[in-house]
Amino acid sequence: MSNTPTSPRRRLFLIRSLALVLTASVAAAGTTACGSPQGTDRWVATENTNVEIDWDAVNQAYRDAEGPEDFEKRVNEIYAGDEIISVSVRDIDEKTQVVTGFFDNNEDGQIAESEKVFTIQRDIVDPAKAQYAINGYGAYGHYHSPMWDIAAGMMMGSMMSRMFMPSYTPMYRTPYTTSPAARGALASHRNSFRAANPSRFPAKASGSGKSYGSRGGAFGGGGSGRSSGGGRSGGGRFGVRRPAGRKVVRLG
Amino acid sequence: MPVQTLADLPFVAREPWDLLGLDPQRAGPDPDHDTAGYCRLPALLLEDAAGGLTPVKDALVLGLHSRDDAEPLTGDIELEFVMREGEETYSAVALLSEFFDKRLAGLVGDASAVVLALCNPQRADLKRPAGLGERPLYYAHGDVTAWMQRRPGVRHWRPGEVQIFLAAERWHRL
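Each protein sequence line maps, in turn, to chains A and B.
The opening residue of the first sequence carries number 1 in the numbering used here; numbering runs sequentially from there.
The opening residue of the second sequence carries number 1 in the numbering used here; numbering runs sequentially from there.
It is possible that part of the hints are untrue.
In silico DMTMM-like cross-links for lysine to aspartate or glutamate, where the CA-CA straight-line distance does not exceed 20 Å [unchecked claim]: (1) A/Lys247 with B/Glu15; (2) B/Lys102 with B/Glu169; (3) A/Lys116 with A/Asp149; (4) A/Lys247 with A/Asp149; (5) A/Lys129 with A/Asp91; (6) A/Lys247 with B/Glu169; (7) A/Lys129 with B/Glu47; (8) A/Lys247 with B/Glu85; (9) B/Lys102 with B/Glu78; (10) A/Lys129 with B/Glu169; (11) B/Lys127 with B/Glu87; (12) B/Lys127 with B/Asp76; (13) B/Lys102 with B/Glu134; (14) B/Lys127 with B/Glu85; (15) B/Lys57 with B/Asp125; (16) B/Lys127 with B/Asp143; (17) A/Lys247 with B/Glu87; (18) B/Lys127 with B/Glu161; (19) B/Lys57 with B/Asp8; (20) A/Lys247 with B/Asp68; (21) B/Lys57 with B/Asp68; (22) A/Lys247 with B/Asp32; (23) A/Lys247 with B/Glu161; (24) B/Lys102 with B/Asp143; (25) A/Lys129 with A/Glu113; (26) A/Lys129 with A/Glu69; (27) A/Lys247 with B/Asp143; (28) A/Lys129 with A/Glu94; (29) B/Lys127 with B/Glu71; (30) A/Lys247 with B/Glu78; (31) A/Lys95 with A/Glu52; (32) B/Lys57 with B/Glu15; (33) A/Lys129 with A/Glu107.
Here are some chain A residues the structure puts well away from chain B; computed CB gaps all over 12 Å [to be verified]: (34) Ile92; (35) Lys95; (36) Gly153; (37) Ser233; (38) Arg237.
Just so you know, these hints were derived from the structure itself, not from any lab.
Don't be surprised by glycine CBs; every beta carbon is placed ideally from N, CA and C.
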C-alpha cells in the first residue's frame, strides 16, 4: 500500500564555496552562473549560491508523470537552478526500471557519474505491488528517500501505472534519454513556467552572496489548473436515473 | 409521436465534447448527462480502476446509457434513451443486443475499433456482436465516466489539445 510522504518537505541546500571548482564546461541554454562575471562554467562559483531541490515535488512528479517527456518537463519546473536536468529511463529487466536525472553538461546524452543528480529505482514486487526509492548524487548525495510502496489501484500517471497492466512489457530496454535538441525546448518551457509563477521563482538578486531560485513547490493534487498542463475536467456519466412516473416506450 | 422502433430512433453523430459531456468549466463528472449518439475519435484512452490505460485509435464511440437500477440481465444490458419532444420527456428502452442487430453495421464505417461509453452496473459479460468485421469492441464493467486532460504544457482547453479518457472499473475487449 502507499507510503505517502507526510514528513516535512525535504530540501537540500547546495553550498558552492569559492573553493569549489569543477572544470566541466557548461552549455545550459541561455543562462550563466549567478553573479559570475567569468563565463559559462557554472561549476566555477565566485560566491556562495544555494540551489534547492524539492524532493517531495520530484516524488510527486514521478508518481504523476504520463511518460518520460512529461517527467522531464515536471522536473525542470521543480529544479530552481539554471541548469537543465536531462532524464534517462532504462528498464534493467522485467521488474526493475531506473530513472536518472542528470546535468548533461557536455550534451552527449550519456550519463557521466559526475553529472548525476538523482536516480529513481523502481522494482516490481508482484503483479499488484511495486516499490521505489529516490537517491541523490554528487552534491545531492546526502539525500536518500524511504522505500515507497505503490499498489495497483492507486492514482498515478501512466509512466508508473503501465507496469500493473496485464500486458505490460518493459518499454525502455533501449533507454529513453533527453535529446540535446529537447534540452532547448525544456529550457524555453522552464523559463515560461518561471515567468508565469514569479512568486515561486523570484528574480535573481544582483551582487554576491544572494540565493536564487526558491523551493519548487510541490505540485498540487489532481484537478484542473496545473500550469504544466494535465489538469482534468470531468464529463458525463453513461447511466441514467429514471424519475418515477416517466412514460416508457419499448422499441421494437 | 414517440419513436416506436430502433430503426427510427434518432441516433446521430455528435461533437465529442457534446456526446461525452465534456466541459472545461466543470471539474467533476456530470451525473445528469443523458446525451446519446456517436462520435469518432482519432485517439482515446480507456482507464480502469487500477490506473491502467488502454489506448484506442480511430475509435467509433457509442454514447449509450443504461438505467441505474435496472434488473440484471445475462449477457445483455437494457439501454435507456431519454427522448424530449416538445414539452414531453419519455424513455425509450431496448436491449443492447437488439441495438447492435439493428444499428451497428450502419455505424462502424472505417473505424478501427468500437468503444461503448455505457454504464454496466450489473457487470454483464457481453458477446461479440455481428457487424464488427475484424474490429475489437471495448466495453466496461461498472460506471463509465468521461474525462479530458490537457496535454502537458498546454494551458487552454481546446479540442485537439486534450486527451480524452473513458474511466470505468474495468474494460473488456471482444
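We went through each hint and held it up to the structure:
no. : hint                   : verdict
1   : A/Lys247 with B/Glu15  : 29 Å, violated
2   : B/Lys102 with B/Glu169 : 28 Å, violated
3   : A/Lys116 with A/Asp149 : 24 Å, violated
4   : A/Lys247 with A/Asp149 : 52 Å, violated
5   : A/Lys129 with A/Asp91  : 17 Å, holds
6   : A/Lys247 with B/Glu169 : 31 Å, violated
7   : A/Lys129 with B/Glu47  : 18 Å, holds
8   : A/Lys247 with B/Glu85  : 12 Å, holds
9   : B/Lys102 with B/Glu78  : 15 Å, holds
10  : A/Lys129 with B/Glu169 : 19 Å, holds
11  : B/Lys127 with B/Glu87  : 38 Å, violated
12  : B/Lys127 with B/Asp76  : 8 Å, holds
13  : B/Lys102 with B/Glu134 : 19 Å, holds
14  : B/Lys127 with B/Glu85  : 34 Å, violated
15  : B/Lys57 with B/Asp125  : 23 Å, violated
16  : B/Lys127 with B/Asp143 : 19 Å, holds
17  : A/Lys247 with B/Glu87  : 13 Å, holds
18  : B/Lys127 with B/Glu161 : 35 Å, violated
19  : B/Lys57 with B/Asp8    : 30 Å, violated
20  : A/Lys247 with B/Asp68  : 17 Å, holds
21  : B/Lys57 with B/Asp68   : 29 Å, violated
22  : A/Lys247 with B/Asp32  : 18 Å, holds
23  : A/Lys247 with B/Glu161 : 41 Å, violated
24  : B/Lys102 with B/Asp143 : 25 Å, violated
25  : A/Lys129 with A/Glu113 : 30 Å, violated
26  : A/Lys129 with A/Glu69  : 24 Å, violated
27  : A/Lys247 with B/Asp143 : 25 Å, violated
28  : A/Lys129 with A/Glu94  : 14 Å, holds
29  : B/Lys127 with B/Glu71  : 19 Å, holds
30  : A/Lys247 with B/Glu78  : 16 Å, holds
31  : A/Lys95 with A/Glu52   : 32 Å, violated
32  : B/Lys57 with B/Glu15   : 17 Å, holds
33  : A/Lys129 with A/Glu107 : 36 Å, violated
34  : Ile92                  : 22 Å, holds
35  : Lys95                  : 18 Å, holds
36  : Gly153                 : 5 Å, violated
37  : Ser233                 : 5 Å, violated
38  : Arg237                 : 5 Å, violated
Against the hints set out earlier in the document, violations occur for numbers 1, 2, 3, 4, 6, 11, 14, 15, 18, 19, 21, 23, 24, 25, 26, 27, 31, 33, 36, 37 and 38.
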